[in-house]
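J.: One-letter residues, chain by chain:
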Amino acid sequence: MHPQRIQSRWWLPGIVAVALVALLTSPAHAQVQEPLPPELEVQAQALYESVMCPQCAGQTISQSNSQIAKAMRAAVRDGLLAGESPKQVLDSLVASFGEGVLASPPTSGLSLLVWLGPPLALVLGGAAVVLAIRGLRRGAGQDGVGGAVPAGSKATGDLAPYLDMVDQEIGGGGRGPSPGG
Amino acid sequence: MADLGTATITVALALAAYGCVASFVGANGRQAALVVSGRRANYMATLALGVAVLALVTAFLSNDFSIRYVAEHSNLAMPRIYTWVAFYAGNEGSLLFVAFALSSMASLSIVMTPSRAGTLRAYTNGVLMLILTFFVVVLLVLANPFVELVAAPFDGIGINPLLTHPGMFVHPPMLMTGLVAITVPFALGMGTLLSGRIDDEWVDSARVWGLVAWALLGTGLLLGAWWAYTILGWGGYWAWDPVENAAFMPWLALTAFIHSIMVQKRRGMFRMWNIALINIAYSLGAFGIFINRGGPVPSVHSFGASTLGWVFLTFLGVATLASFGLFFYRLAVLRSTHALESTLSREAAFLVNNLLLLGIAFATMWGVVFPLISELTTGRTITVGEPFFNQVNGPMMLALIFLMGVGPLLPWRTATWATVRRALVVPVAITLAITAAVAVVFEVRIVAVLVGTAVCTLVAVSVLREWVRGTIARHRASGAAYPLAFAALIASNRPRYGGYVVHLAIVMLAFGIIGSTFYGTTRDVFMRVGDSATVGVYTVEFAAVETSTFADRTEREAVLRISRDGEPLGTMRAWNGVYPSFQMVSTRAAIRSTPVDDLYVIFSEVQPDGQTAAFRLLVNPMVWWIWVAGPFVILGTVIALWPARQRAVAYVELPERAGARLAEGAP
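For the protein sequence lines, the chains are A and B, in the order given.
Just so we're aligned, residue 1 is where the first sequence starts under the working numbering, counting upward by one.
Just so we're aligned, residue 1 is where the second sequence starts under the working numbering, counting upward by one.
Wrong hints could be hidden among the right ones.
[To be verified] Which residues of chain A face chain B? A few of them, derived with a C-beta cut under 7 Å, are:
| hint | residue |
| --- | --- |
| 1 | 117 |
| 2 | 118 |
| 3 | 121 |
| 4 | 124 |
It is worth saying that the hints were derived from the structure and are not from the lab.
Predicted model, so just to flag it, every value in this text is computed and none were measured.
Beta carbons: idealized from backbone N, C-alpha and C, even for Gly.
One chain only, chain A, in its complex shape (with noise of 0.2 Å):
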């Protein structure tokens, strides 16, 4: 809706115009197109699903439905039929859009980092609900509350907050760290 917010953030507007006009002149996008082979549009439908449209606020060249998107999936269409497989397609839309092009970033350099960040906070945070387990039933033994008292039992859960009450307005002394700490 605002492409000029967008194209400052993201894009050399001017190569994004080049590409346009290089694009949109090329014979293949003056007529109408004849249907792929149903081998190769399936790989035409997954590129375009894997490709951003460069001015289309996050937006893929399947979902969008503006020019350049179109002069793209074009582009896309061409290649496919001039016998390129999808992996060189794909690079030669790097080489003029530029790595933000890709839908997903590449597994190497830095962009691995992507990758690895959600594997590595789920491990840890596994980590940290093991500990947790462990506190807590370690907790069992040496409380007492757990294991003297069936856990279940009304009247423990019920008086529970009072005698912590009791417990904080004593002085919080028996009962962990005082606030703050």
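Fit chain B to the known structure of chain A by using the hints.
T.: Quick look at chain B alone, frame taken from chain A:
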């Protein structure tokens, strides 16, 4: 109208600020009158904002283009019904809506909090009013919808045509309301910390409001997906767009919260964790408002470009720091009263559930912010889009669904491997049999699909089995007819069985997502009138094109004759509208939806000859199930929220609290 609007917003600001100060001072000094007046200021602020809302609606209905916001988002040609949408089509109006929604829920939640909650209620009110003050200040100073133009134009600019869709009547207000609804459980958590009361008084209210926010956000997300599917016209329903993600993350954190709060309700455990979770959910909600209204990332949702980014970024930072600061300050009093007895228990399963939900939220956040980090540190522009989110979040979601099947079978407190084996053996056997049958009959060879089918089936089987067994047991015990026995079963434990309904809805959703993700077919074709093309099992014939011209747009409808295997299925109409003043083409796909698959035809473009057109033809398997899941999510939430009969409980106040209670006064 402009003066009335600005005046009422000013009054609301004064009331909210007073309510905040009065509640905190009154609660701190045990001054009953102040606390009561703080609460009343809350109710009056809602009234004042309500008048401001009515003023803006009146301005829209009377075409008062002297008000800039009305001139920018409405015109004489706009059907009056779209006033509802135009109201929040821009920043100023949406902020007024947000402030009014927040204020209404603040009032409602305080009315509903029992007076026995004592200082908790006063502190909660104070936190709610503090947050409302922030929004009303922004509204008044930076985004006043009642700013007047020097000279009123003859006609307004009009509404963005993409927004003129039935989904737009519900999707944005639901999401905005959902995002601010998290404020209520958050304020309850903060109120608990501030009051220093260490009991579980906040838990019931926080669970109710957490569920409300969760259902609003979830339904809002689903409606957004539906809008994208039917109008955005690329054939999909979810694109991991930054704004979608921004609403999805708090929803995930809330999902974790409404599960883990049950452990505190039932077992008095996870006290620290629940407060931390609601803090996370609120911070993510504030992040959502920041992304949506501040827009640092490109998104299809950039309808109201704004300069408010830094304001909401500051709010996000302050809210996060303050809530976690308070949390760590009070950490010592938040310890559990009960210990975890076994690693093999429902409590432990809930912890893993929380881990996975937050894992998905983290991966999503990581994908949203990484391009910003990359650009700031290396200057290189990269995109983290759909393939990343599907590959990273997909497996975690499948693990979560697996847990949804197993978790409810685990008993509270402790289980032995023998009991678990006994509980699991039948559902797992049925699941494996069904999965194998699916693999053979439908020739499924994709591992992810097989795993997805298996975990979804496991959930469905374990839920249905428990329902069937429970119903039969009740029928035998009471002699009631089966439907009555089933209703009695559901009524016997509403949170649990309401949750099961939602679980089944999630299974439908998952089946729809799996089917459409892995088995969709797409074709782009050009057709002249009279041509036909095939996609999947369908043949689409372009029979005619009908053109009608309006003042602001040219509409074309392609008449399509559909057949499957030579057997005619009738006609469909795909719509295409060109809006010259917006330089925009809007499409509305022709969709033939069945539980098996959707035939989806986009009428993308007409050639100058008026007879040749570009179409995109899609077959989207099982998408139908995604939309069907929506009503079941709402049904399940309503069952879970339906108030149970009041238990006869005598509340005993400690002497010191008795004073505070008297100070609170009668409601």
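J.: Does each hint fit the structure? Answer for all of them.
T.: Structure-based check of each hint:
no., hint, verdict
1, 117, "holds (5 Å)"
2, 118, "holds (4 Å)"
3, 121, "holds (5 Å)"
4, 124, "violated (10 Å)"
When each numbered hint is compared with the structure, a violation occurs for hint 4 only.
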